[in-house]
Amino acid sequence: MTNIILDSNIILRQPKILGLQIPGMNFLVPMDVIEELNTRAVQRGAPFDKRIELITKASVQGTISIINPDSPFYRQYRELVNNTRLSGPDISIIAIALGLINKGDKVKIATQDKVIWKVAEENDIEILHEDDINNLLANFVQPTKNSADTVQKEISNYEKKEKKTFFSGIFTGTITTLTAVVIYKNIDILLQTINVWGTIIVIIIAAVGLFVFRERRKLSYGVFEFLVGIVTIIMLFQPVHFNLSTLNFNMDFNIRLIGGLYIMVRGQDNIVKGIKDTKIGLFLKDRYGIGS
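Residue numbers (UniProt numbering): 1 to 292.
Since the hints were made in silico from the structure, they are not lab data.
Certain hints may be false.
Unchecked claim - Derived DSS-like pairs: lysine-lysine, alpha-carbon spacing no greater than 25 Å straight-line:
{"id": "1", "residue 1": "Lys114", "residue 2": "Lys16"}
{"id": "2", "residue 1": "Lys16", "residue 2": "Lys164"}
{"id": "3", "residue 1": "Lys16", "residue 2": "Lys185"}
{"id": "4", "residue 1": "Lys160", "residue 2": "Lys279"}
What the hints assert, rightly or not - DEER-style ranges, computed between Cβ atoms:
{"id": "5", "residue 1": "Lys279", "residue 2": "Trp197", "range": "44 to 50 Å"}
{"id": "6", "residue 1": "Asp252", "residue 2": "Leu137", "range": "54 to 60 Å"}
{"id": "7", "residue 1": "Val212", "residue 2": "Asn82", "range": "28 to 34 Å"}
Just so you know, even glycine gets a beta-carbon here, dropped at the ideal spot from N, CA and C.
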């Protein structure tokens, strides 16, 4: 029996591994890894991480085992791992691997963390890379429509919902921008219907509403912010019909141009935060180094 210890970066990228049932393989998730997933969810403003629920259901179904690295047996190995570059969950992963190896079990760590790779190599612990994970998924994941595996079905539904949330976020941000443009174009008519105090109240309500919008729908707000930046720059060039030779690049124009660019950059920052720990967010991080 080969024990595969799953790191959070693998669970985030390949949640389908939680539902794998492979003869001769036992998938393990340390409790510290689950806590790390929860911490990441809080950091990006989410109430919880759906993948923790998937881990719990996979544990009930028997496709994975949740391991407590603070148990007396593993605690002794945690104390042996002295590497300041390792986080708490990383130390737990190495400690569990060392404990199982000393019991005579075969162990592999599934991770993309290069620091863990180095420590694992120093301790003769095998690593399961993402290509190896992809091979396992290609060979052992059953088509959802033919599978009675409830965990795999839930994982498939989760991934579909993640895609739907991404596209609906873009759509909502775009519609919000179009609405804002229409309001701006008709602002004079709207202001004629309310007095000065009414205008101030509307502005305050709009500010609070945008703040709530940003906190609850960061992706949509980021798209809105990015598009507002584009509209701002278009409005700078529109009066001269985009004829650059007639533009006056004075201080006022340059500040407005920089302001539009800044709004676009802020929008992209919120978009990246909104898709953090999703498949597309992790793709951007892995391929282009965008995001944290």
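Checklist entry - In ascending order, which of the hints set out earlier in this document are inconsistent with the structure? => result 3 and 7
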